[in-house]
Amino acid sequence: MLLQVEIDEPRCVAAGHCVVAAPEVFDQRDDDGVVILLDANPPGDEHERVREAALLCPAAAILVRDRGGAP
Amino acid sequence: MPEPKVLPIAARAAGCPFDPAAALYESQKDDALQRVKVPSPLLGEFDAVAITRYEDVKSALSDDRLQMGFVFDPDQPRTMLNQPGNLLNYNGADHSRLRRMLTGAFTIKRVRSLRPMIEAIVEARLDALEEEGHGADLVTVFSTPIPTQVICELLGVPYEDRDDFQRRAKVGLDVNTTREEQIQNLKDMDAYMATLVAGHREQPGDNLLGGVVRDYGAELSDDELVGIGNMLLIAGHETTASMLSASAALLLENPDQATIMRDEPEAVDGAIEELLRYVAPATIMPRQAAEDFCLRDDEVIKQGERVVVSILVANRDAGSGDQDLDVLDVRRPPQPHVTFGYGAHQCLGQQLARMELRVALPALFKRFPGLRLAEPDQKIDYRTTALVFGVNRLPVAW
Chain A
1 MLLQVEIDEP RCVAAGHCVV AAPEVFDQRD DDGVVILLDA NPPGDEHERV REAALLCPAA
61 AILVRDRGGA P
Chain B
1 MPEPKVLPIA ARAAGCPFDP AAALYESQKD DALQRVKVPS PLLGEFDAVA ITRYEDVKSA
61 LSDDRLQMGF VFDPDQPRTM LNQPGNLLNY NGADHSRLRR MLTGAFTIKR VRSLRPMIEA
121 IVEARLDALE EEGHGADLVT VFSTPIPTQV ICELLGVPYE DRDDFQRRAK VGLDVNTTRE
181 EQIQNLKDMD AYMATLVAGH REQPGDNLLG GVVRDYGAEL SDDELVGIGN MLLIAGHETT
241 ASMLSASAAL LLENPDQATI MRDEPEAVDG AIEELLRYVA PATIMPRQAA EDFCLRDDEV
301 IKQGERVVVS ILVANRDAGS GDQDLDVLDV RRPPQPHVTF GYGAHQCLGQ QLARMELRVA
361 LPALFKRFPG LRLAEPDQKI DYRTTALVFG VNRLPVAW
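Heads up: the sequence lines are chains A and B, in that order. Heads up, the first sequence is in the working numbering, so the first residue is 1 and it goes up one at a time. Heads up, the second sequence is in the working numbering, so the first residue is 1 and it goes up one at a time.
Looking at chain B on its own, in the form it has when it is part of the complex (with noise of 0.2 Å):
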């Protein structure tokens, strides 16, 4: 078998934050399926399968065969990601049991019941950003905020906690810490966490958490709620603030989409829809075979292998079809795209997430008709090298 080649498979082209790097767009034509390196910060480099075709990525996403590949190890140092309760770590009918607990809270009608809850919050966030005035920082006064207000609602975190609550999150996810901070913010967060879950416990409150407390409490131990709500929390929180602070930058630099996104509100859930698959936040999902298998008939998949699927440039895969997907185009019919995944753990909070964009964007440009960058010729300071594609800074004026 060959040496596998390194294909940068989290890679944007140089220039262009927004497009997949060249060799991925090379690998999507060839027939046969190429192993790579890929960099982990979580496990070191490892040799994986790489996947690039849109319809690849469907097939290997819905294979029970292709398992999640950080499931829990109890004898391993607690993380956010190594606990129980989180559905990163569950494969088969042990997810299936978990996350049938905590579908209810994300239908589509408790979603829209959400929407009041999410307007307050928006509008809240649009008017610290007018206090602050010129200059303000969209990330942290806008798109941060508006997510992790959220979560609190859905955890039942009072208000007089919440300042607390938030900057815990953003340490979690500050690279420039120490690994001793990490630890100390974790375990802040853990015991946080469990606070929440014994008021629950004791008094069910009237939200998601509290739901799962009184519908599965006696199912579920304490640990795995904890895990639950630290779930909820880096599941639905960096994702969201990277996809409003992306698709904010992406609409300043084309102003036309902008206007639609603004003026037309029949327009917005189509133009949702195409900036979450022109954006792509979680720009890669990794697997690991259980066994055996064949991808396209004929290529083999061997049991142990790692796959890494990029979701980045199988969104812009038109396959047989006519259009050109590497063009933004708010209006373009929606096209099928695997942003959230795909497969029995396609994204748990997908329609919440398509929620906060819906009230958050549209909001954010008719408050603001004369939004644009602080400074003239500004640079913006995307996020490439990150899991989760985004924005460090995005100074606005109006």
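Chain A on its own, in the form it takes in the complex (with noise of 0.2 Å):
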């Protein structure tokens, strides 16, 4: 299964969340937190953490969606 993560830049609102959920695929500004995509098609082992970063994030700013394709 594919994952295509995509990020709403401008409603982050740099609580951090989704460091601690995904640090492989999320990370944060040094100026001001906001998020960096680090991987916008992460791995299967990453699928679940990147939901939860999604689910957790206070400002609804990383939207994921299912591509299908071949597990």
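Since the hints were derived computationally from the structure, they do not count as laboratory data. All residues carry an ideal CB built from backbone N, CA and C; glycine is no exception.
For each label pair, taking beta carbons as the anchor points, the in silico distance ranges come out as:
(1) B:Gly15 <-> A:Arg65: 48 to 54 Å
(2) A:Gln4 <-> B:Leu81: 41 to 47 Å
(3) A:Glu6 <-> B:Thr259: 40 to 46 Å
Reference excerpt, derived from the structure (chain A facing chain B, CB under 10 Å, subset only):
(4) Cys12
(5) Pro23
(6) Ala59
Dock the two chains into a complex; use the hints.
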């Protein structure tokens, strides 16, 4: 399965939940804490963590789309 | 429209200070939103829409049409809340602009780098407890000074000023003071904060406030910088102190849970999340509708109506899940909660608060493995009536 991750950067409030939930996929800019997307198509073992990050984001700034495809 | 009923929106169950009042659970079951009367020391009694379900609280707090109720009014007397620079006074683009000047100081990386400083503060407080001996009040000796001293570090308060600073912070929260004392204390606090700001203007310190002056000083007035300093004090002080005291009290009442906190380092992060969910020191959060809109598709909230969400009962709402969220279980897989709010105003300092709790609580039970209430049958003096839930006094022994 393929996962497409997108960031709605203006919405980000720099709460940091995504960095804690999925540090391989998300980081924060040093100057204002805004999210940096490290991997827009994370591998399968990251999917659960990415979904948790999207769920915890208080600003709904993380969009996760299931692109289907082979597992 | 029926006369609004009085829902004890901040009330807790009789005899169970950690549990929401039964009426709040009843309200969760209601398919129609309830209008209630909310007593408020700041606004007098006001009518508000009560929001108690977890999903509704998330929707409400992340909806831009619901705005902060305490918008800055320069024509009103200056108070700790009514001043520029306080994020609670801004909405929309103005809020985002100001918040992003501060978020760099609270990234995961930055907060992790503060850990050694927090550990040193906690160790010194544990030494102070030990020195005080049996009967020491955990609230005064441990829970309150830890967040105050962390804030002193962030603002760059020199050591020689810290006793005065802590005294003013304490007076600011003391309900047993006169109006005159509060006005004078606020003046002193503003004046002191202004000297800190002037110092950072001259030479920005290597700390949060110094960094804001260095990076954004040209865009911010001195008044706004003073307001930012005061906001960090108000927002970061009482809530964290209350979380520390209430968590310690809760763990003393649940020794099996305290043992996990003490002996299982890998369980600490999850345990802190559970304590945050369960204690919810900021019990309610108010908003006001900037325009008409619908919650739950068909429940209309009118422009100008006030809304109050109950954080406490929302955190106990299991929704369609099968967990009993009225039970404290520090080993539970972390449950999402709204203790720090939700949406654009979600607590700026939440990662710092978590770090303080993660350092302080395990260290307390490690230093004093036999920690207990000072008196047998001692009744814990919970503070259930104030806006921030906590403990008034917590004499302990070991």
